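These protein sequence lines map, in sequence, to chains A and B. This note's numbering numbers the first residue of the first sequence as 1 and each following residue consecutively. This note's numbering numbers the first residue of the second sequence as 111 and each following residue consecutively.
It is possible that some hints are incorrect.
Stated by the list, open to error - For the chain B half of the interface with chain A, some residues (derived, Cβ under 10 Å), not all of them:
#, residue
1, Gly113
2, Met199
3, Leu201
4, Pro215
5, Arg218
Unchecked claim - In silico DSS-like pairs for lysine-lysine, Cα to Cα no more than 27 Å straight-line:
#, chain 1, residue 1, chain 2, residue 2
6, B, Lys121, A, Lys42
7, B, Lys167, A, Lys42
8, A, Lys102, B, Lys167
9, A, Lys5, B, Lys167
10, A, Lys97, B, Lys181
11, A, Lys57, A, Lys68
12, A, Lys42, A, Lys102
13, A, Lys102, B, Lys181
14, B, Lys167, A, Lys97
15, B, Lys124, A, Lys42
The hints are simulated quantities; they were obtained by calculation from the structure and are not laboratory data. Quick caveat, the model's predicted, so the values are computed rather than measured. The beta carbon of each residue, even a glycine, is placed where N, CA and C say it ideally should be.
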Amino acid sequence: QQQVKQSPQSLIVQKGGIPIINCAYENTAFDYFPWYQQFPGKGPALLIAIRPDVSEKKEGRFTISFNKSAKQFSLHIMDSQPGDSATYFCAANEYYKLTFGKGTLLTVNP
Amino acid sequence: DTGVSQNPRHKITKRGQNVTFRCDPISEHNRLYWYRQTLGQGPEFLTYFQNEAQLEKSRLLSDRFSAERPKGSFSTLEIQRTEQGDSAMYLCASSLAAYEQYFGPGTRLTVT
Chain A
1 QQQVKQSPQS LIVQKGGIPI INCAYENTAF DYFPWYQQFP GKGPALLIAI RPDVSEKKEG
61 RFTISFNKSA KQFSLHIMDS QPGDSATYFC AANEYYKLTF GKGTLLTVNP
Chain B
111 DTGVSQNPRH KITKRGQNVT FRCDPISEHN RLYWYRQTLG QGPEFLTYFQ NEAQLEKSRL
171 LSDRFSAERP KGSFSTLEIQ RTEQGDSAMY LCASSLAAYE QYFGPGTRLT VT
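Go ahead and model the full structure; you've got the sequences and the hints to work with.
Written out as structure tokens, the structure reads:
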């Protein structure tokens with residue numbers, strides 16, 4: 001049973017575009033929703049996170065939108081750059097345990 | 111560098127051998143986590159320590175796996191009698207509070 005569903009699996013945008021990655025969950029006990037960025041051969045790096053009592057959070061070029069009633073959240077990357085090319089994972093926290101989506105491979109073409 | 115460190119970064123072993131990985135968390139973090147990541151998948155939770163106490167073990171952690179965190183500092187993850195299905199990236203994370211987990215670079219295990 002996949003508790004956090006992430007889409008799309010891969011995404012290609014041009015430099016300056018705004019890629020959007022979506023995640024959905026069922027478990028209402030999840031209380032914290034982080035996004036991680038992972039480059040090949042590296043560990044996941046925490047990008048931005050949101051709690052379910054907030055509908056939107058912005059940090060630099062990264063924005064999370066959160067819809068509690070729909071149990072969905074998404075990551076928007078403004079003014080994307082080739083250096084943003086990486087795999088992005090959404091995750092959801094219950095107590096101390098993170099449950100991850102399967103990841104989205106983002107390619108930003110110059 | 112004050113981030114999470116893991117050693118070794120790569121390990122190649124033959125099936126049936128035992129391997130041990132080490133994780134050094136961010137110094138003030140009292141919580142430590144182990145995850146496993148296979149190709150094309152997100153990390154999967156294995157186990158969790160608060161200080162030296164192991165508070166949770168996933169069903170993924172079979173009897174061949176054991177983790178310790180003596181004195182609440184570094185942690186080790188041992189896999190006995192390795193199998194080819196154990197080939198994966200083993201990730202360690204640490205946190206000060208319940209939420210923000212910071213990951214290390216991982217140890218890539220290849221079982222031949």
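Going down the list of hints, with the structure as the test:
1. Gly113: Nearest chain A Cβ about 9 Å off; hint holds.
2. Met199: holds, 8 Å
3. Leu201: Since chain A brings a Cβ to about 6 Å from Leu201/B, closer than 10 Å, the hint holds.
4. Pro215: holds, 5 Å
5. Arg218: Interface hint status for Arg218/B: holds (8 Å vs cutoff 10 Å).
6. Lys121/B - Lys42/A: Since the Cα atoms of Lys121/B and Lys42/A sit roughly 15 Å apart, the hinted pair holds (cutoff 27 Å).
7. Lys167/B - Lys42/A: Status holds; Cα separation ~24 Å.
8. Lys102/A - Lys167/B: holds, 21 Å
9. Lys5/A - Lys167/B: OK: Lys5/A and Lys167/B at ~23 Å, within 27 Å.
10. Lys97/A - Lys181/B: holds, 22 Å
11. Lys57/A - Lys68/A: Holds: Lys57/A and Lys68/A sit about 14 Å apart, inside 27 Å.
12. Lys42/A - Lys102/A: holds, 16 Å
13. Lys102/A - Lys181/B: violated, 34 Å
14. Lys167/B - Lys97/A: Holds, at roughly 10 Å.
15. Lys124/B - Lys42/A: holds, 24 Å
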